[in-house]
Structures are given as structure tokens and as C-alpha cells.
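In case you want the letters, here they are:
Number of protein chains: 2
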Amino acid sequence: MRREITGFSNPTVKYLRSLRDKKHRKREGVFLAEGLRLLTDARECGHLPKMLVMAGGRDRHPLLDALEADVAAAGGDVIVTTPDILSKITGKDNPQAVAGVFEEFDTSVGSLDRTAASIWLVAQALRDPGNLGTMLRTGDAVGAGGLILIDDCADPFSVEAVRASMGAIFTQRVARASWGEFHGWLRQGDGQLVAASLRDAVPYRSAQYAAPCFVMVGNESQGLPEEYETACDLRVTMPMRGRADSLNAAVAAAVLSYEVLDTLER
Amino acid sequence: MRREITGFSNPTVKYLRSLRDKKHRKREGVFLAEGLRLLTDARECGHLPKMLVMAGGRDRHPLLDALEADVAAAGGDVIVTTPDILSKITGKDNPQAVAGVFEEFDTSVGSLDRTAASIWLVAQALRDPGNLGTMLRTGDAVGAGGLILIDDCADPFSVEAVRASMGAIFTQRVARASWGEFHGWLRQGDGQLVAASLRDAVPYRSAQYAAPCFVMVGNESQGLPEEYETACDLRVTMPMRGRADSLNAAVAAAVLSYEVLDTLER
Numbered sequence: 001m002r003r004e005i006t007g008f009s010n011p012t013v014k015y016l017r018s019l020r021d022k023k024h025r026k027r028e029g030v031f032l033a034e035g036l037r038l039l040t041d042a043r044e045c046g047h048l049p050k051m052l053v054m055a056g057g058r059d060r061h062p063l064l065d066a067l068e069a070d071v072a073a074a075g076g077d078v079i080v081t082t083p084d085i086l087s088k089i090t091g092k093d094n095p096q097a098v099a100g101v102f103e104e105f106d107t108s109v110g111s112l113d114r115t116a117a118s119i120w121l122v123a124q125a126l127r128d129p130g131n132l133g134t135m136l137r138t139g140d141a142v143g144a145g146g147l148i149l150i151d152d153c154a155d156p157f158s159v160e161a162v163r164a165s166m167g168a169i170f171t172q173r174v175a176r177a178s179w180g181e182f183h184g185w186l187r188q189g190d191g192q193l194v195a196a197s198l199r200d201a202v203p204y205r206s207a208q209y210a211a212p213c214f215v216m217v218g219n220e221s222q223g224l225p226e227e228y229e230t231a232c233d234l235r236v237t238m239p240m241r242g243r244a245d246s247l248n249a250a251v252a253a254a255v256l257s258y259e260v261l262d263t264l265e266r
Numbered sequence: 001m002r003r004e005i006t007g008f009s010n011p012t013v014k015y016l017r018s019l020r021d022k023k024h025r026k027r028e029g030v031f032l033a034e035g036l037r038l039l040t041d042a043r044e045c046g047h048l049p050k051m052l053v054m055a056g057g058r059d060r061h062p063l064l065d066a067l068e069a070d071v072a073a074a075g076g077d078v079i080v081t082t083p084d085i086l087s088k089i090t091g092k093d094n095p096q097a098v099a100g101v102f103e104e105f106d107t108s109v110g111s112l113d114r115t116a117a118s119i120w121l122v123a124q125a126l127r128d129p130g131n132l133g134t135m136l137r138t139g140d141a142v143g144a145g146g147l148i149l150i151d152d153c154a155d156p157f158s159v160e161a162v163r164a165s166m167g168a169i170f171t172q173r174v175a176r177a178s179w180g181e182f183h184g185w186l187r188q189g190d191g192q193l194v195a196a197s198l199r200d201a202v203p204y205r206s207a208q209y210a211a212p213c214f215v216m217v218g219n220e221s222q223g224l225p226e227e228y229e230t231a232c233d234l235r236v237t238m239p240m241r242g243r244a245d246s247l248n249a250a251v252a253a254a255v256l257s258y259e260v261l262d263t264l265e266r
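Heads up: the sequence lines are chains L and H, in that order. The C-terminal position of the first sequence is numbered 266 in full-length UniProt numbering, with every residue numbered one higher than the one before it. The C-terminal position of the second sequence is numbered 266 in full-length UniProt numbering, with every residue numbered one higher than the one before it.
Read the hints as simulated data drawn from the structure, not as lab findings. Some hints could be false.
In silico contact screen, one side only, chain H against chain L (beta carbon under 7 Å); selected entries [said to hold, decoys possible]:
#1 E4
#2 I5
#3 G7
#4 T40
#5 D41
#6 T138
#7 D140
#8 M240
#9 V255
#10 Y258
#11 R266
Pairwise CB distance ranges (calculated) [as the list claims (entries may be wrong)]:
#12 L:R241 <-> H:D152: 28 to 38 Å
#13 H:D106 <-> L:R243: 16 to 26 Å
#14 H:D65 <-> L:P83: 52 to 62 Å
#15 L:A210 <-> H:G56: 49 to 59 Å
#16 L:P239 <-> H:L36: 20 to 30 Å
#17 L:A73 <-> H:D152: 41 to 51 Å
Derived, one-sided and incomplete: chain L residues facing chain H with beta-carbon distance under 10 Å [said to hold, decoys possible]:
#18 D128
#19 A244
#20 S246
Just so it is clear, CB atoms sit at the ideal spot from N, CA and C, and this is done for glycine as well.
Could you build the full structure based on these sequences and the hints that come with them?
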């Protein structure tokens, strides 16, 4: 159904704004994504929003028309509103011309097919949604299967994480599990668990990576718990030529993943 | 001088809070950095704050005592305040126990000694202070000389950039220049300018890097202007196995820098 909304106090606007809050997203089982490019990527990956929200009064774009047609054909809602209201919904001063409400995906680790990719990313207690979205984006770039979130991570369906993922939220699988669940699942099949570590580690450039390779990084300030590092099949070190003893978590995951990609394709 | 401040309306508190604003930082020629570890790193690199702000009523720490003694000996101010006020100053809910006001460094590109390091990072119109701080942190890790900011970048002295740099703001040189200034300076001596690009590029794993190597990344949404890519000595591509055609800017800089580091040390 297509309808126009121009009032800030409209219940649909309140509903949409509430989706910036994790509690409400969880209750509704949906999340917000914004931008024509991202929504087009989603559409091409088979993900249509159940609700499409567009700013009126802009020049039409063929991709936006295609998106609207598909959402309408699938029985979804199309909302036309003002740029100001769209800005309020997405929390951005210069909002994209369009946003969509998507159903959350199945995030159970048991639903992952580990044979679907040679590389998987694993994040433990990652607190920054920007880092999380950046890891999804890197995962897409290295052809990873997805991102597995261990313990208490930031919400991958937050507006910030979805934005930083640049669309990879729709191309990468996302799973959430406790360490015990993940580790139990991992050991039921093939899988090499790798982490950057200072404990009994080998140089990352000469390590023997094997598919499916699970590249794990830890919390931004604490790093990985010792028990998790010990459980890894391979611990690697990266050069640290300066004063710092660690990289940004998303950066470490990327440098390591690109090395794994090169090794596995060699 | 050591003094205690407990009122939010104290002029010093207002001054400190104003430093979260770029305009005020620029006028005063100073910036804020927070955290005992970061301030200790700064001290060990020869940077003492002209004003040290500590939350009272906490357990003393030998490193904090050492910091206070050095600041006092250098004629700096030591302010003891409440955790609430410190929180207001740094804009963080759970503030670090200490913050410092530092003089801004010389950021002229002409003051850089290119022979001091084999790798330099260059960012063009980078808008996200977190990305900028992360690049500084990566620069420290790969032993880079510093980060050169081209055109209209985020402020490297913002609280967010300093925080994300994890202390690298004190170990890396930071320079700011227009493209013309930078390019003119670069061509006055040795220096290989490298960027990730899709134009006439070679695979990043087999490229011939040469020191001093200047690794350049562009704006988060626009990438590098064509003219800047054309001016590079070397254009390299990184594998993109998914739908996305680019990496996060700080991630691209890191993956490329680690490759350059490995090549130059081989």
C-alpha cells in the first residue's frame, strides 16, 4: 500500500523512529537500512523491505522506481514522507532519499553452512557497531561466508552497523552465539580457528591457513580471553613496529583475512 | 599549580569543554587527550600536557603520580575534579581517570623528514575522525613516519580521532596540506605515491613498492579524485570477491601498508 505521511506525530513515524532502539528492533524482529544503493544491493540479493520509506519531492530514479514496484508487488508498504521526517527516522542530518524496514535474519550458528565459503569472520564481544559493520564489509570483500558474533557484541542490525557494512549485511550471513555454542558447533566439522595473539604464535605471513578458516578478533579494549586463544588451532602475530601492541579490531581482521585469502588461493 | 575544581560553571571547566569544538581548539592551539595509558605514552614520547585534569577520590596509580610530578615540574597546571565534571569534559559516560591539554604540533608538510621512515600514510578528504585515528594507529603499527592529510579532512586533534589513535597521535607525525602543496613537496625528493585504484592498476601482492612509500586513500564516499590517482607512481588493486567495490578507507590503508611493510623488509 502506498501512502503519504507528513506529520512527525504519525504512529508510523514513531514506529520507524523506535527502530533506532535495540529493544524495539528486537521486539519487532526488524531493522532499518537506508540509501538507494544499499537497498538496491539488498533487492538484488533477494531481500525486499516490508516497508519502504521515501522522501517526496525529489527527482525520480529508475532504481527507486524498480524498488517501489517490487515492494508493492510483494505486498509491502510504501511510505512517502518529507526529508525532515526521513532525517528524524535515520538520525542523519543529510538523509538518504530512501530507507527500508527489513525482517531480521536467522542468526543461529547452527543454520550456517561452513562449506559455503573458505573464510569466516568471528568477533568476540565487539562493542563498536562501526567496527562490526566494517567487518561485514571486509567479509564481503574477501568472499567470506559471514560474521559470527560471540558473547556480548554490538547489535549487527543497528543503524550504525548496517550503515558501516555498506550493504554487506545483506550479502554476509550473521550469526550470534555464546562461546560454548560456537565452539561446540565448530568442532562438529572441519574448521580452523585462527586469532592474532602474542601467545605461542607464528608470523602471520608464513602461517599454514586451511579452509574453512575462521578468523577471530576480540573485544576492542580487552582482546580475546586467554581460554579462547588457547582453543585456537593457529595463533599468529602481525608486525608491530611502533609503541602500540595491537591494531583496531576491524583492521586486524582485515589484514589477517586478506593474508588468509591470498594463502588459500595461492 | 595544583588546584581543585568542583563546580560545573568554573571557567576552567568551560574552557576544557570548549576544546571539544574544533573552532576553540584552533583558536587556543591545543587539544585534549584522555586516559592514563595514552598520557603515559605521550610522556614517554616527550609530550607533557600543559594542563592535567584528574578525577579525585580514586586510588592513586604510580604512573599517574609520575605524570603529575612531571607536569608540575614543567610548570603545568594540575586540576583535581569530580568524575562527573571529567565526564562532561571528555563527553564520555565512563570517563578515564585523567585527561590532558596538549599543545598542537607543527602540521606543515615542509617540516616532515621523509627519510625518517619507509612508509607514510596519506589521507584525502577523510571525513570520519574514527577512520583518521585508526589510520594513525595503523601507521604506528607498521612503523610509518606519519599521516599526511590532504584537502578537507576531519580534525586529527578532535577527541574522537585522538581516542581512536590509541596514543599514535603522539608517535606519528601529522601534516596538513592542499593537494598542490603535498604534491609539490613530494616531487622535491624521493617518494613513491601509491593508491588502491581500478585504473590501470597492478595486483597489490605483486607490486614493486619502494621506500619512502606514500600510501594514499581517498574520501569515504567519493574515493580519490581521478587527477590524484593519475599522479600516483603506482596504482594497485586488492581482491574484491563480493558485491562491494571498495573497502573502508582505514581498512584499505592497513591492508596495503602491511603489504608494503612486508615487501620493503623482505
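Hints, verified against the model:
no. : hint                          : in the structure
1   : E4                            : violated (30 Å)
2   : I5                            : violated (28 Å)
3   : G7                            : violated (32 Å)
4   : T40                           : violated (10 Å)
5   : D41                           : holds (6 Å)
6   : T138                          : holds (6 Å)
7   : D140                          : holds (3 Å)
8   : M240                          : holds (5 Å)
9   : V255                          : holds (5 Å)
10  : Y258                          : holds (5 Å)
11  : R266                          : violated (10 Å)
12  : L:R241 <-> H:D152: 28 to 38 Å : holds (30 Å)
13  : H:D106 <-> L:R243: 16 to 26 Å : holds (20 Å)
14  : H:D65 <-> L:P83: 52 to 62 Å   : holds (55 Å)
15  : L:A210 <-> H:G56: 49 to 59 Å  : holds (54 Å)
16  : L:P239 <-> H:L36: 20 to 30 Å  : holds (26 Å)
17  : L:A73 <-> H:D152: 41 to 51 Å  : holds (43 Å)
18  : D128                          : holds (8 Å)
19  : A244                          : holds (5 Å)
20  : S246                          : holds (8 Å)
Hint check: violations occur at hints 1, 2, 3, 4 and 11; the rest are consistent with the structure.
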